[in-house]
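Protein chains in written order, with our numbering: chain D, -11 to 207; chain C, 137 to 460; chain B, 8 to 547.
No wet-lab data here; the hints were simulated from the structure. There could be a bad hint or two in this list.
[Stated by the list, open to error] With a cut-off of at most 27 Å between alpha-carbon atoms, the simulated BS3-like pairs for lysine-lysine come out as follows:
1. B:K538 to C:K195
2. C:K190 to B:K344
3. B:K538 to C:K190
4. B:K543 to C:K200
5. D:K1 to B:K186
6. B:K186 to D:K15
7. B:K496 to C:K190
8. B:K493 to C:K195
9. D:K1 to B:K344
10. C:K185 to B:K543
11. D:K113 to D:K15
12. D:K1 to B:K13
13. C:K200 to B:K496
14. C:K195 to B:K21
15. B:K493 to C:K185
16. B:K496 to C:K185
17. C:K243 to C:K271
18. D:K58 to D:K113
19. C:K195 to C:K274
20. C:K231 to C:K364
21. D:K86 to D:K15
22. D:K82 to D:K15
23. B:K196 to B:K543
24. B:K21 to B:K496
25. B:K186 to C:K195
26. C:K195 to B:K13
27. D:K15 to B:K196
28. B:K196 to B:K496
29. C:K190 to B:K543
30. C:K200 to B:K186
31. B:K286 to C:K200
32. C:K243 to C:K148
33. B:K538 to B:K493
34. B:K493 to C:K200
Here is how the chains run, residue by residue.
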Amino acid sequence: MGHHNPDSPSHLKHYFHDVNQQYETSKFAMWAFILTEVLTFAGLFVAYIVYRSWYPDMFVDAHKLLDVNKGLMNTIVLITSSLTMALAIWAIQKNNKKLSVVMLVATFIFALVFLGIKYLEYTHKFEVGQLPGEFYSYMGPDAAHLNNPHIFFSIYFIMTGLHGLHVAIGMGLIAWLIYSTQKGNLTSEYYTPMEMIGIFWHLVDLIWIYLFPLFYLIG
Amino acid sequence: MLDRLTEFFFPKQVSTFASDIDNLYFFIFYSSVALFVIVVFGMIYLSIKYRHRKGEELKLTSSKDHSNLLESMFFIIPLILVSITFVWGIRSYLKMVIVPDDAIEIKVTGQSWFWTFDYPDGGTTLNELVVPSNKPVKLVLSSKDVLHSFFIPVMRSKMDCLPNRYNVMWFDATKEGVYDIFCTEYCGTGHSQMGAKVIVMQPAQYEEWASELGSEDDDLPLDELGAKLYTKKACNTCHTLDGSALVGPSYLQTSQMWGQERVFDDGTSTVIDDNYIRSSILEPMTQIVAGYQGVMPTYQGLLSDRELDALIAFLKTLNEDSQI
Amino acid sequence: MSENTKQNYLNHPKGIMSWLLTLDHKRIGLMYLFSGILFFFLGGLLALVMRFELAAPGNDIISNEVYNNAYTLHGAIMIFLFIIPAIPGALGNILLPLMVGAKDVAFPRLNLASFYIYSFGALFAMYTIINGGVDTGWTFYTPYSTQSTSNVVPMTLGIFIIGFSSILTGLNFIATVHKMRIPGLTWYKLPLFVWALYGTSLVQITATPVLAITMVLLMLERFLGIGIFDPALGGDPVLYQHFFWFYSHPAVYIMILPAFGIISEIIPVHSRKKIWGYKFIAYSTLSIAFIGFLVWGHHMFTSGQSVFSQIVFSFITYFVGIPTGVKIFSWILTMYKGQVSFTPPMFYALAFLFLFTIGGLTGIFLGAVALDIHLHDTYFVVAHFHYVMQGGTIVAFLGGLHHWWPKSFGVMYNQTIANIAALGVFIGFNGTFFPQFLLGLRGMPRRYATYDEQFVELHSYSTFWSGILGISIFIAVMNLFWSFIKKNKVDPGSNPWGGMTLEWTHTSSPPHPHNFEEEPVLQHGPYDYDKVIVEKTYKK
């Protein structure tokens, strides 16, 4: 919890009584927003479950077409980035601006690596024709017998794509954090934005931790 | 008295479970009327009794804001009523889903915008479902394109037709007659014209009808058979005979343009002749007349060669008639 | 300007930019109000076109295609552009911070962003109309919606975008209720309209994401043929219905809960009486919001879902009915030993009680599975949800407008005309929709551009009264706007009805730009008519 200056600092908006109320309000709204995000993905998880139960054999065989190593690598990268994000917040609480910026940059780079690996995975799938819906054209020997494999890839691309979009948005937010921290706008007195974006980033990580086993591991 | 009321609210009761459902309706209806009268009477009585009279001073009003007795009544009475409704609703519903073993099975296919019925002993009808009375009939429903819903008001029964699975409904018709069938799931331009009839016959009559199904029209002249097919095969849903455009071009217009060029929406054109009419019935989506939407289903397999000839002959007669 | 005109949010600051870029919740509320009313009229016009087409069987005025476009746009505009965004957006925005004693909502910038996101989404919907309409019904059932050549994508995209506006408004309101109340304003001292907005916002942030995902999947189905909903590609159209109704049933509560809140304000104030069963009304708001998530299957009783699902959904449906019923009794009993004034807002509230009771009771018919199979997708359903949505929500909305009009604008409308218009709305509404119950019972399916001869008599009644209804609503709204021109000002300190909540007792009419000149101190509860006499300061 932040130890805020009770006098009226520049970041206090006029419609709040004090910094504490402002901080509590932001945090509360952020958690409510996280609930919204969870429900967004929940809808897609339901679609996953329904189609898995409709086409259990196809799901088992189609998941073998995914690259487990790349998926595992991405899992490690994203978990590490969650750690560096937490460290960045810890550093700013201790008023260590330099360490905080370093950790934010590290988080940013991990996110970039994540998207890079995802890019390699996607381009490979595009080349062999493992595409969603009507565009699916892959006819390799390991997939010839599959019943409607395009549905697996539709759900795969929608869920990982939406997750990837969240990573990209997160990168934008982290870039802004790097800039504000470097400029000295965020200090141990006021670092609410970093904490909020941190919560968002952990959610992005958490969703991947569900996506990875569901698509890459369960056989 | 109750019969008169039933007639006021509902179409005829023709299925075995119709009266049960109507009775459920009247149970809810009378309970609702009672609750509604209490609400409206209470509202009018209280608002008038405690109205702010002219010249009356504003005063502190009563602090009464609850009454355990009243509130538990408001809770318990509706609870009892809806419990009865729920159980009744489920009990009647179970009667509607448990199909008797000896039911005749008829396959119903919805397609934009007509119904096809396939009978157990072979034979097909369009937009006319023929069933025997006092014998359970099981309908296996599906759709060839979008969603439809098969609704027979007099039977109090309805079921959606889906393109990827079969749904089932059944009824046991108690009275002979001809009754309406409606499509109740929106299915596009012709949705409101997607009606059909159910014809309930004496079992003996039905047997006779079923054995003659498909052969009765053999001795009709071609153009008369065509005129019959025009309504029987649901051509009239989309094509008029009076020159006005509906979903598709009018037969009259086509007939008047016989031998002339017809322009299609891709810019090509062709001369209207027997072959054009035949292909436009069997492969409607290959040549779409300019100004219309490509929505006609194929009649491949639904019309015999003789029936196709008959429709073409009928179409040709329209022009001669108009010249007289 | 006369000398006693104080600085208020309407006249300060000045200039068009100060409106377009305003962070003031009251101004944002007004922008929602005006755009909402605009769409209300547009949707209403489409309804009248349909009604006149249906005056007689056959295609007399418009073709099937035009009719299908009209009914789709009527539904989509009324629901997604008017009722869902405009009632919380307009009355909620104007009143919520005032009622909790705050200077603004928790996130004013986000609030303005919500409005512009809503406008942006509305642009797509308007593009749909200009570009030839959309003919799938507002429910966008697959596979018709994946095959239709009309503008399904712009319309669903518009709805998707408006969904974000809804979520952000919901987040803002929840944070405001939780964190922005003045000291001493505990949960049980909140006006019930605040409770209602709180319940509404909870549903908005939890249900809308599912709608957003559904709309995205539908668009992807059209672009990429992903095969989730299209049976030709191995998908399932019934799954679409589950997704759609998982949002759209709770959406019904997004639409009706604010109306409950408005009625809970109007009745005690105009009866000068403590509200009956405060805690019950507050908690039932939350429980209705919650149970609303568990009953979506009752929209699918004829879809062929399993017998077990049918029974469960029917059972849970009744659990929404009972708390709603007890609420109606609470509102009526509030008048007991009060001092009831027959003002325009009160007339609307009484009309609400009458109409909403019919709407609610007819829901019981539809919840009984066996009977619903006969009534499903007939005019009975059309009548039922219009009694709830128009007889309930819109009548309450009109009542709310009349109630808070002098507060929001500092002017009073002509009350005689308002009363006559309210009577016209009441009679016109019943005349239009009551015959539709009978139509449905007799088997008339909904979404029909033409119909069988047997239904002509009831349809023509319905059409005749719809004209009266349309004219009455138009007069009611115009009478409100006329008060601007006539400048029948109320005193800035005025409390015309003798309200007890903060917006009446602690700020001027129209309110100060920052809501309160000094932070309000709570002196009494929202409905303490048994403890304090609040004078009515407006005399005709």
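Structure-based check of all given hints:
| no. | hint | in the structure |
| --- | --- | --- |
| 1 | B:K538 to C:K195 | holds (10 Å) |
| 2 | C:K190 to B:K344 | holds (17 Å) |
| 3 | B:K538 to C:K190 | holds (23 Å) |
| 4 | B:K543 to C:K200 | holds (23 Å) |
| 5 | D:K1 to B:K186 | holds (14 Å) |
| 6 | B:K186 to D:K15 | holds (10 Å) |
| 7 | B:K496 to C:K190 | holds (24 Å) |
| 8 | B:K493 to C:K195 | violated (33 Å) |
| 9 | D:K1 to B:K344 | violated (46 Å) |
| 10 | C:K185 to B:K543 | holds (21 Å) |
| 11 | D:K113 to D:K15 | violated (40 Å) |
| 12 | D:K1 to B:K13 | holds (25 Å) |
| 13 | C:K200 to B:K496 | violated (36 Å) |
| 14 | C:K195 to B:K21 | violated (42 Å) |
| 15 | B:K493 to C:K185 | violated (35 Å) |
| 16 | B:K496 to C:K185 | violated (33 Å) |
| 17 | C:K243 to C:K271 | holds (16 Å) |
| 18 | D:K58 to D:K113 | holds (13 Å) |
| 19 | C:K195 to C:K274 | violated (70 Å) |
| 20 | C:K231 to C:K364 | violated (38 Å) |
| 21 | D:K86 to D:K15 | holds (25 Å) |
| 22 | D:K82 to D:K15 | holds (20 Å) |
| 23 | B:K196 to B:K543 | holds (22 Å) |
| 24 | B:K21 to B:K496 | holds (20 Å) |
| 25 | B:K186 to C:K195 | violated (35 Å) |
| 26 | C:K195 to B:K13 | violated (31 Å) |
| 27 | D:K15 to B:K196 | holds (25 Å) |
| 28 | B:K196 to B:K496 | violated (31 Å) |
| 29 | C:K190 to B:K543 | holds (14 Å) |
| 30 | C:K200 to B:K186 | violated (32 Å) |
| 31 | B:K286 to C:K200 | holds (14 Å) |
| 32 | C:K243 to C:K148 | holds (25 Å) |
| 33 | B:K538 to B:K493 | violated (37 Å) |
| 34 | B:K493 to C:K200 | violated (42 Å) |
In summary, the structure is inconsistent with hints 8, 9, 11, 13, 14, 15, 16, 19, 20, 25, 26, 28, 30, 33 and 34 from the numbered list given earlier, while agreeing with the others.
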